[in-house]
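Engineer: Here is what each chain is made of, one letter per residue.
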Amino acid sequence: DQQVKQNSPSLSVQEGRISILNCDYTNSMFDYFLWYKKYPAEGPTFLISISSIKDKNEDGRFTVFLNKSAKHLSLHIVPSQPGDSAVYFCAALLYSNYQLIWGAGTKLIIKP
Amino acid sequence: KAGVTQTPRYLIKTRGQQVTLSCSPISGHRSVSWYQQTPGQGLQFLFEYFSETQRNKGNFPGRFSGRQFSNSRSEMNVSTLELGDSALYLCASSLAQGYNNEQFFGPGTRLTVL
Numbered sequence: 033d034q035q036v037k038q039n040s041p042s043l044s045v046q047e048g049r050i051s052i053l054n055c056d057y058t059n060s061m062f063d064y065f066l067w068y069k070k071y072p073a074e075g076p077t078f079l080i081s082i083s084s085i086k087d088k089n090e091d092g093r094f095t096v097f098l099n100k101s102a103k104h105l106s107l108h109i110v111p112s113q114p115g116d117s118a119v120y121f122c123a124a125l126l127y128s129n130y131q132l133i134w135g136a137g138t139k140l141i142i143k144p
Numbered sequence: 077k078a079g080v081t082q083t084p085r086y087l088i089k090t091r092g093q094q095v096t097l098s099c100s101p102i103s104g105h106r107s108v109s110w111y112q113q114t115p116g117q118g119l120q121f122l123f124e125y126f127s128e129t130q131r132n133k134g135n136f137p138g139r140f141s142g143r144q145f146s147n148s149r150s151e152m153n154v155s156t157l158e159l160g161d162s163a164l165y166l167c168a169s170s171l172a173q174g175y176n177n178e179q180f181f182g183p184g185t186r187l188t189v190l
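For the protein sequence lines, the chains are A and B, in the order given.
Read in order, the letters of the first sequence correspond to residues 33 to 144 in my numbering.
Read in order, the letters of the second sequence correspond to residues 77 to 190 in my numbering.
Keep in mind the hints are simulated off the structure, nothing from the lab.
Worth double-checking, as some hints may not be accurate.
Here are some of the chain B residues that sit facing chain A, going by a computed Cβ distance under 10 Å [said to hold, decoys possible]:
id : residue
1  : 82
2  : 113
3  : 115
4  : 119
5  : 121
Here are some chain A residues the structure puts well away from chain B; computed CB gaps all over 12 Å [stated by the list, open to error]:
id : residue
6  : 44
7  : 47
8  : 115
Since the structure is predicted, the reported quantities are computational estimates derived from the model, not experimental observations.
C-beta: ideal position from N, C-alpha, C; glycine also.
Please build the complete structure, drawing on both the sequences and the hints.
Structural biologist: Here it is in structure tokens:
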């Protein structure tokens, strides 16, 4: 049973447009959510996070939105750049056991 | 500061064999976590070590084990390899336990079981 789901295996977006990556979760007790970005042959790198007590966190071109009632979060990238082409992982954390639960990832392709 | 290193980068084994993977965390980091990545499954948490003690364990069979040394370096062992163990194994380190401490990942070890 996957507690964190990224239902889109891939997403293709035109350069300069907005990329929206989605993540759904089932456990309302998650305390913290993180997004990681992964290039081929490299380990994931931390991108942005959000606490469960907030509904938005912004860092430059990256904004994460959290809708707790819908158990849904999304990562917005504006404007999308070719270097954003990567696999994006959503992860959720329970403070009680400090275990990160990961989604399956979404491959983002930015078209020139 | 050097990043997280993992050795070897690539490994080919046959069913029934065992394998040991190594991870050297960033200097000063005391927490090391291991993950398995397979296509379509995302990152599956294996276990976390902090100060030589296993603090968390994921839902993997006992064939998967690990340890951490006093210098925070960690090893992961898989015995009696199965075809389904073919995956990218990632190690991540952080300053302390807890993931609001940013995790830094190594490049991974690509294990192929034939």
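Engineer: Under the constraints set out in the numbered hints, which ones does this structure not fulfil?
Structural biologist: Structure breaks no hint.
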